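Visitor: Given next are the chains, with one letter for each unit.
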Amino acid sequence: MKKRFEKLLIDFITENKENMYCLAFSYVKNAENALDIVQDTIQKALSSSETLKSEGSIKSWFYRILVNTSIDFLRKQKRIQVVDDKTLEFHSPTGGDVYPDIDLEKALEELPHPYRTVIVLRYFEDLKIDEIAEVMNENISTVKTRLYQGLRKLRIKMSDEILEEVK
Amino acid sequence: MNEQLEQLKSKYKNTPLPDELDFVVKKAIKQSKKRHVGWMKNLVGVGAAAIILVTGINASPAFAKALSDVPLVGSLVKVLTFTELKVDEGTAKANIKVPAITNMENKTLEAALNNKYLEESKKLYSDFTAEMKELKKNGGGHTGVDSGYEVKTDNDQILAIGRYVVNTVGSSSTTFKYDTIDKKNQLLITLPSLFKENSYIRLISENIKEQMRHQMKADPDKTYWVDDKVNFESFEGIAKDQSFYINNDGKLVISFDKYEVAPGYMGVVEFIIPTHVIADALVSNVYIN
Numbered sequence: 001m002k003k004r005f006e007k008l009l010i011d012f013i014t015e016n017k018e019n020m021y022c023l024a025f026s027y028v029k030n031a032e033n034a035l036d037i038v039q040d041t042i043q044k045a046l047s048s049s050e051t052l053k054s055e056g057s058i059k060s061w062f063y064r065i066l067v068n069t070s071i072d073f074l075r076k077q078k079r080i081q082v083v084d085d086k087t088l089e090f091h092s093p094t095g096g097d098v099y100p101d102i103d104l105e106k107a108l109e110e111l112p113h114p115y116r117t118v119i120v121l122r123y124f125e126d127l128k129i130d131e132i133a134e135v136m137n138e139n140i141s142t143v144k145t146r147l148y149q150g151l152r153k154l155r156i157k158m159s160d161e162i163l164e165e166v167k
Numbered sequence: 001m002n003e004q005l006e007q008l009k010s011k012y013k014n015t016p017l018p019d020e021l022d023f024v025v026k027k028a029i030k031q032s033k034k035r036h037v038g039w040m041k042n043l044v045g046v047g048a049a050a051i052i053l054v055t056g057i058n059a060s061p062a063f064a065k066a067l068s069d070v071p072l073v074g075s076l077v078k079v080l081t082f083t084e085l086k087v088d089e090g091t092a093k094a095n096i097k098v099p100a101i102t103n104m105e106n107k108t109l110e111a112a113l114n115n116k117y118l119e120e121s122k123k124l125y126s127d128f129t130a131e132m133k134e135l136k137k138n139g140g141g142h143t144g145v146d147s148g149y150e151v152k153t154d155n156d157q158i159l160a161i162g163r164y165v166v167n168t169v170g171s172s173s174t175t176f177k178y179d180t181i182d183k184k185n186q187l188l189i190t191l192p193s194l195f196k197e198n199s200y201i202r203l204i205s206e207n208i209k210e211q212m213r214h215q216m217k218a219d220p221d222k223t224y225w226v227d228d229k230v231n232f233e234s235f236e237g238i239a240k241d242q243s244f245y246i247n248n249d250g251k252l253v254i255s256f257d258k259y260e261v262a263p264g265y266m267g268v269v270e271f272i273i274p275t276h277v278i279a280d281a282l283v284s285n286v287y288i289n
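Going line by line, the protein sequences match chains V and U. Position 88, counted from 1, in the first sequence is what this note's numbering calls 88; the numbers after and before it change by one each time, with no gaps. Position 135, counted from 1, in the second sequence is what this note's numbering calls 135; the numbers after and before it change by one each time, with no gaps.
No wet-lab data here; the hints were simulated from the structure. None of these values were measured; they are calculated from a predicted model. Do not rely on the hints blindly, as some may be mistaken.
Which chain U residues face chain V? A few, computed with CB under 10 Å, are given here [what the hints assert, rightly or not]: (1) E3; (2) Q7; (3) K9; (4) T15; (5) N138.
In the DSSO-like style, the derived pairs of lysine-lysine whose C-alpha atoms are separated by at most 30 Å in a straight line are [to be verified]: (6) V:K17 to V:K53; (7) U:K196 to U:K177; (8) U:K11 to V:K157; (9) U:K9 to V:K153; (10) U:K137 to V:K76; (11) V:K59 to U:K27; (12) U:K107 to U:K97; (13) U:K240 to U:K122; (14) V:K53 to U:K30; (15) U:K222 to V:K29; (16) U:K26 to U:K137; (17) U:K133 to U:K123; (18) U:K107 to U:K240; (19) U:K133 to U:K30; (20) V:K76 to U:K196; (21) V:K144 to V:K128; (22) U:K217 to U:K251; (23) U:K9 to V:K144; (24) U:K177 to U:K240; (25) V:K7 to U:K251; (26) V:K17 to U:K27; (27) U:K11 to V:K167; (28) V:K59 to V:K17; (29) V:K106 to U:K217; (30) V:K144 to V:K106; (31) V:K29 to U:K27; (32) U:K11 to V:K128; (33) U:K251 to U:K107; (34) U:K122 to V:K59; (35) V:K157 to V:K29; (36) U:K86 to U:K137; (37) V:K76 to U:K116; (38) U:K116 to U:K196; (39) U:K9 to V:K76; (40) V:K59 to U:K97.
From the three backbone atoms N, C-alpha and C, an ideal C-beta is built for every residue, glycine too.
Here chain V stands alone, though its shape is the one from the complex (with noise of 0.2 Å):
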């Protein structure tokens, strides 16, 4: 039983790393970096594959790995994320102004990890909402605010599709 599924998230791991990478990516900012969260999050995963319960949730347990070394790598580095918080109040104006595209990046890569590792999953890693709450070990309500509530801060002009989502 364990061997099976230590072969399945060896295949899961070789056809997903270029997402893999792009994700720890995402929360570091350099290649070195997100190459090291890339490594520990393998061996963590493989070393641990005894906890995974079934085929079918490989992906949100192995994201799950993935976005938990990503923040704890970035939680050591606190300081400087301290001072990202506080750039971000200042670049969130609450008024109605709509920002530029060019700042869009900007502001997502500003937005707070909670708010941000959801667009990220459920958008441009095509996680579905249910999948996303397990990676999280939040309710699913609960992912349902904060996807419209970063999307709102964003200031993302939120389709009748992308609402009846997040409703």
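Dock chain U against the given chain V, drawing on the hints supplied.
Guide: Frame of chain V, contents of chain U only:
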């Protein structure tokens, strides 16, 4: 999906992939397969080696004696490397150099300092091995500690030794500690002992703030946390026993660890305090002039 999100997504998906990615992934998978049996044995080996090294230092009065019998070169107080603790386990590296002061007439002070250096180094080493063990349990990762010393000043009057510790876990942090010794009178100099009263704290702090502002103005690449620019942990003033030493020109140098008053890229920062700033508060001009 909406256009703005599409744009962000394509930017995200186009993150440049480094050539090493394949290699790192393959290596991580391979290591995990191998690791199941190997590491426990390794760790026992490392532990045993550490015990032998540390007890070696403790249980060898002959070795300690041999050091204090180093032929007198003049009758100068000297600093030499007492011992080195080394570990190289691939992703876990430690290199700890322990300094020892010899030829001091004040043997009590000499012993006290050397003992302190040894104790601190042993602590570093045991913290490191504990962390290494923890990391291995959690599936590996990089860790490292590099410690050693620099003789900052060595003249007729003053011997200043700076001991540094660089911790590498993801990013690195550096701390520096100094001991400044009066060679003539065989005394350990502390910062408060240089001054008549506590006014030096304010005098030095103000001067450092001024230097920070000045440096930032002159070079936009420099950043210090001063004047509440980022309204957290802005530099308010030095500690009563702030790290310091006296340099070869007889000037007081105040030192801050990495992250203490500036972002990480600034590293360890030092400020030379112009003597005229503190002249009135000094007890004498013997050390600082």
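Visitor: Now look at each hint and say whether the structure bears it out.
Guide: Cross-check of the supplied hints:
Proximity of E3 (chain U) to chain V holds as hinted, the smallest CB-CB distance being about 8 Å (cut-off 10 Å). The closest approach between the C-beta of Q7 (chain U) and any C-beta of chain V is roughly 7 Å, which is under the 10 Å cut-off, so the hint is satisfied. Annotation: interface hint on K9 (chain U) holds; nearest CB of chain V at approximately 5 Å, less than 10 Å. For T15 (chain U), the interface hint holds, since its Cβ comes within 10 Å of a Cβ in chain V; the closest pair sits about 5 Å apart.
Because the closest C-beta pair between N138 (chain U) and chain V is about 7 Å apart, less than 10 Å, the hint holds. Restraint check for K17 (chain V) and K53 (chain V): the C-alpha separation of about 22 Å stays at or below 30 Å, so the hint holds. Distance check on the hinted pair: K196 (chain U) and K177 (chain U) sit about 24 Å apart at the alpha-carbon level, within 30 Å; holds. The straight-line distance between the Cα atoms of K11 (chain U) and K157 (chain V) is roughly 19 Å, inside the 30 Å bound, and the hint therefore holds.
Restraint check: the Cα-Cα separation between K9 (chain U) and K153 (chain V) comes to about 17 Å, which is no more than 30 Å; the hinted pair holds. In summary, the hint linking K137 (chain U) to K76 (chain V) is supported, as the alpha carbons are separated by about 19 Å, within the 30 Å threshold. Distance restraint check for K59 (chain V) and K27 (chain U): the Cα-Cα separation of roughly 21 Å lies within the 30 Å cut-off, and the hinted pair is therefore satisfied. Distance check on the hinted pair: K107 (chain U) and K97 (chain U) sit about 22 Å apart at the alpha-carbon level, within 30 Å; holds.
Between K240 (chain U) and K122 (chain U) the alpha-carbon distance is near 27 Å, which keeps this suggested pair within the 30 Å criterion. The straight-line distance between the Cα atoms of K53 (chain V) and K30 (chain U) is roughly 23 Å, inside the 30 Å bound, and the hint therefore holds. Distance hint between K222 (chain U) and K29 (chain V) is fulfilled; the C-alpha atoms sit about 21 Å from each other, no more than 30 Å. Only pairs whose Cα atoms come within 30 Å are accepted, and K26 (chain U) paired with K137 (chain U) is accepted, the gap being roughly 21 Å.
Distance hint between K133 (chain U) and K123 (chain U) is fulfilled; the C-alpha atoms sit about 15 Å from each other, no more than 30 Å. Of the pairs offered as hints, the one joining K107 (chain U) and K240 (chain U) holds, with about 28 Å between alpha carbons and a cut-off of 30 Å not exceeded. Taking the CA atoms of K133 (chain U) and K30 (chain U), the gap is near 20 Å; set against the 30 Å cutoff, the hint holds. Between K76 (chain V) and K196 (chain U) the CA atoms are separated by roughly 41 Å; this puts the pair beyond 30 Å, and the hint is violated.
Between K144 (chain V) and K128 (chain V) the alpha-carbon distance is near 11 Å, which keeps this suggested pair within the 30 Å criterion. The suggested pairing of K217 (chain U) with K251 (chain U) holds, with an alpha-carbon distance near 24 Å, which does not exceed 30 Å. Between the alpha carbons of K9 (chain U) and K144 (chain V) the distance comes to roughly 19 Å, so the proposed pair stays at or under 30 Å and holds. Simply put, K177 (chain U) and K240 (chain U) have alpha-carbon atoms about 15 Å apart, close enough for the 30 Å limit, and the pair holds.
A distance of roughly 65 Å separates the Cα atoms of K7 (chain V) and K251 (chain U); the hinted pair therefore is violated under the 30 Å criterion. The hinted pair formed by K17 (chain V) and K27 (chain U) meets the criterion: a straight-line CA distance of about 13 Å does not exceed 30 Å. Of the pairs offered as hints, the one joining K11 (chain U) and K167 (chain V) holds, with about 27 Å between alpha carbons and a cut-off of 30 Å not exceeded. Distance restraint check for K59 (chain V) and K17 (chain V): the Cα-Cα separation of roughly 12 Å lies within the 30 Å cut-off, and the hinted pair is therefore satisfied.
Straight-line distance between C-alpha atoms of K106 (chain V) and K217 (chain U) comes to about 27 Å, which keeps the hinted pair within the 30 Å bound. Proximity of K144 (chain V) to K106 (chain V) is assessed by CA-CA distance (about 23 Å); at most 30 Å being required, the pair is judged to hold. Note on K29 (chain V) and K27 (chain U): the hinted pairing holds, with a Cα-Cα distance of about 23 Å set against a maximum of 30 Å. Distance hint between K11 (chain U) and K128 (chain V) is fulfilled; the C-alpha atoms sit about 21 Å from each other, no more than 30 Å.
With a C-alpha separation of about 28 Å, the suggested pairing of K251 (chain U) with K107 (chain U) holds against the 30 Å cut-off. Between K122 (chain U) and K59 (chain V), the direct Cα distance comes to roughly 44 Å. Violation of the 30 Å bound is thereby established for this hinted pair. Taking the CA atoms of K157 (chain V) and K29 (chain V), the gap is about 26 Å. The hint holds against a cut of 30 Å. For the hint pairing K86 (chain U) with K137 (chain U), the CA-to-CA distance comes to about 21 Å; that is within 30 Å, so the pair holds.
Our distance criterion of 30 Å between C-alpha atoms is met by K76 (chain V) and K116 (chain U), whose separation comes to about 29 Å. Only pairs whose Cα atoms come within 30 Å are accepted, and K116 (chain U) paired with K196 (chain U) is accepted, the gap being roughly 28 Å. The hinted pair formed by K9 (chain U) and K76 (chain V) meets the criterion: a straight-line CA distance of about 28 Å does not exceed 30 Å. Under the criterion of a C-alpha separation no larger than 30 Å, the hint pairing K59 (chain V) with K97 (chain U) is inconsistent with the structure, at around 46 Å.
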